[in-house]
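Asks: These are the residues of each chain, in order.
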Amino acid sequence: MEAASLNNVEVQAPDLDIDRTDRRVELLLGALASTILLLIAGMILFVLIKALPSFTHNGLAWFGAGGSVDDQLMDIFNSPADPADYVYHLRAWPLLYATVLITGVAVVISVVFSVLSAIFIVEFAPDRLRRIIEPVVKLLAAVPSVIYGLIGILVVVPFVAHHLISEDRKESVAYVIQLDGTSILVGIFILTVMICPIMIAIIVDALRSVPDKWVEGAAALGVNRWRAMRTVSLRAIRPAIVAALVLATARALGEAIMLSMVAGSVGFAPNPMDGFTFFLEPARPLASTIVDNAEGLSVVPFGQTMYAFAAILLISSAFLSFAGWAARKSFSRYTLGAR
Amino acid sequence: MELKEEQTQNGSAPGAEVPPLRQIVVESETVPIRVGDYAGPPDPEYGREPWQLNAGLDSDPIWVEERMRTEALSIAYGGKVAVSAVDLEVNSGEVLALIGPSGCGKTTLLRSLNRLVELTPAARRTGRIILDNQDVDTFDVTRLRSRVGMLFQQPNPFPMSIFDNVAYGLRERGSKKPRRKQLEPIVVDALERAGLWDEVSSNLNHPALALSGGQQQRLCIARSLAVSPEVLLLDEPCSALDPISTGIIEETIVELRNEVAIVIVTHNLQQAARIADRVAFMYLGDMVEYGPAGQVFGAPREARTQEYVGGGFG
Chain Z
60 MEAASLNNVE
70 VQAPDLDIDR
80 TDRRVELLLG
90 ALASTILLLI
100 AGMILFVLIK
110 ALPSFTHNGL
120 AWFGAGGSVD
130 DQLMDIFNSP
140 ADPADYVYHL
150 RAWPLLYATV
160 LITGVAVVIS
170 VVFSVLSAIF
180 IVEFAPDRLR
190 RIIEPVVKLL
200 AAVPSVIYGL
210 IGILVVVPFV
220 AHHLISEDRK
230 ESVAYVIQLD
240 GTSILVGIFI
250 LTVMICPIMI
260 AIIVDALRSV
270 PDKWVEGAAA
280 LGVNRWRAMR
290 TVSLRAIRPA
300 IVAALVLATA
310 RALGEAIMLS
320 MVAGSVGFAP
330 NPMDGFTFFL
340 EPARPLASTI
350 VDNAEGLSVV
360 PFGQTMYAFA
370 AILLISSAFL
380 SFAGWAARKS
390 FSRYTLGAR
Chain E
93 MELKEEQTQN
103 GSAPGAEVPP
113 LRQIVVESET
123 VPIRVGDYAG
133 PPDPEYGREP
143 WQLNAGLDSD
153 PIWVEERMRT
163 EALSIAYGGK
173 VAVSAVDLEV
183 NSGEVLALIG
193 PSGCGKTTLL
203 RSLNRLVELT
213 PAARRTGRII
223 LDNQDVDTFD
233 VTRLRSRVGM
243 LFQQPNPFPM
253 SIFDNVAYGL
263 RERGSKKPRR
273 KQLEPIVVDA
283 LERAGLWDEV
293 SSNLNHPALA
303 LSGGQQQRLC
313 IARSLAVSPE
323 VLLLDEPCSA
333 LDPISTGIIE
343 ETIVELRNEV
353 AIVIVTHNLQ
363 QAARIADRVA
373 FMYLGDMVEY
383 GPAGQVFGAP
393 REARTQEYVG
403 GGFG
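These protein sequence lines map, in sequence, to chains Z and E. For the working numbering, count along the first sequence from 1 and bump the result up by 59. For the working numbering, count along the second sequence from 1 and bump the result up by 92.
Here chain Z stands alone, though its shape is the one from the complex (with noise of 0.2 Å):
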């Protein structure tokens, strides 16, 4: 309002070139952040188009169980060169429910670890040790994926498969699964690893700014430090897990190359009846058959399957920023002026 009510009054001549050399860069700025928006607003379109043809012909049959996935990729993959014949039956729902599966307990696990370490590193650690974990923290929320995925190849995957899978469990579910140690345990763990440290950092930086006055005061009201931690700035924070939430949630969803490597890569769906045989059968979330499958997408068909799959993650990353979002919206309430 007061913005533009200036704008009206009548300006004194020195003061148009300041307001010039303003608008030019306000025009520049303005350019590129459009730029980047159609560019998003463009790949959004192309992804959606392109991964139609797969949507159509399944309808809601798509979401659903039904034969193996690999078999169904496979035949798309060897469909007949004519269009008129071109295969796409498909029913993701393995694929699916190992996304949703490793990415949702992967991201459980690390909120709660994640928000008390940052804690524990905020309040309690003694100097000398915080000095030392903070950096350790931020260098490991930098390691690229795919080093992960080595470790959890050559170190974690052989572990499992001595030491926690016997014969026994083996045969039990040998007529449909062969277990060799890559399994959605091993996933969820690097993947639960690979995630913390980026939580740590921002929930511990979101604590440190919690003004001390707060803490202060509710001390002088007789509750005591982790009361006090529980009730006034995780409270406080809120905003900020959130964020940290969403950042987690979207690198585990879009997670291709570690998980590619040590959870198996089979379209299977590990089956909760197993009891903790479920935790060692394996599994591939979306965005590994994507990176599994890249050498086939000239197989248009097959590519277009494959476009389906990027398009959900693309829908999914989207609805989580909406999500977090109003979240961090409806959390920042009371917290708003604060600072």
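Hints are supplied without guarantee of correctness; some may be wrong.
Unchecked claim - If you want the ones that stay clear, here's a sample from chain E, every Cβ over 10 Å from chain Z, calculated:
1. P193
2. P270
3. S293
4. E322
Claimed, not checked - Dumping the calculated SDA-like pairs for lysine to any residue here, alpha-carbon to alpha-carbon at most 25 Å:
5. E:K268 with Z:R286
6. Z:K272 with E:D179
7. E:K269 with Z:F390
8. Z:K272 with E:Q398
9. Z:K272 with E:V319
10. E:K269 with E:E284
These are calculated hints, taken from the structure and not from any lab test. Just so it is clear, CB atoms sit at the ideal spot from N, CA and C, and this is done for glycine as well.
Once you have looked at the hints, place chain E on chain Z.
Replies: Below, chain E without anything else, positioned relative to chain Z:
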């Protein structure tokens, strides 16, 4: 921040000796209190004419009773003494003002009364603090702090709704959280006593941080009052506020003094004169003078008090 400042100032002060610091030993649980000290009518010897605004004069004389007392209380940060061997009495029905130049240890003394000074890692304390004839070291520090409330220099409402702010202390008190219905009368009462009810009654669910500075400070008073403390410590509560808000807070303090013993640290001598019944003047960690406000301002016994108070009133 404040603490550090005092630390360095005192550390460099010549003649400040480090008292022998010992572990706190509780000698006996109960300590006899001195009862029946009479606050008014004004002492004819000193006269209180220049301080007509004094709260003690406007209302009927009140029988005062000792609420809290320190005995040879010393506090040091590292080796630097901030408060040395202070004996102080806090009476119910009175406003006690701690005055003195920056770095004289008055804030440290105030913060030691609810043992908040112990949050500073380097701080050490000797001497006794007695609340209602009980040594405060015999009971839990959280219990002490809910009996001795505190208000800070900067208003510090939590990032919650107005209602939740006032209810905070009550909710965190027990393991079982009370329901909003049960809390409501207490919250309303606390807000009324803090003089904020009329302004916020229609928007209890609004964010506390959207209030003005003065309102925030009164909200903090309400937050302390909700847990029904016996003593209220105020650490320069008006230094961040405009004159109008300051006036309202002062009124609130004067009204509250019938229910809660009040100790206020202030740099503003006019303010001390307006609201205090009793004044303690501190200088470099020592308590130089302690007496009725009229006497300390009107006829100080010590030369150092005379100098400081005289400077303040020109």
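Asks: Take the hints in turn and mark each one as holding or not.
Replies: We went through each hint and held it up to the structure:
{"no.": "1", "hint": "P193", "in the structure": "holds (24 Å)"}
{"no.": "2", "hint": "P270", "in the structure": "holds (14 Å)"}
{"no.": "3", "hint": "S293", "in the structure": "holds (19 Å)"}
{"no.": "4", "hint": "E322", "in the structure": "holds (13 Å)"}
{"no.": "5", "hint": "E:K268 with Z:R286", "in the structure": "holds (14 Å)"}
{"no.": "6", "hint": "Z:K272 with E:D179", "in the structure": "violated (29 Å)"}
{"no.": "7", "hint": "E:K269 with Z:F390", "in the structure": "holds (22 Å)"}
{"no.": "8", "hint": "Z:K272 with E:Q398", "in the structure": "violated (35 Å)"}
{"no.": "9", "hint": "Z:K272 with E:V319", "in the structure": "holds (19 Å)"}
{"no.": "10", "hint": "E:K269 with E:E284", "in the structure": "holds (23 Å)"}
This entry does not satisfy hints 6, 8, going by the numbered hints stated previously.
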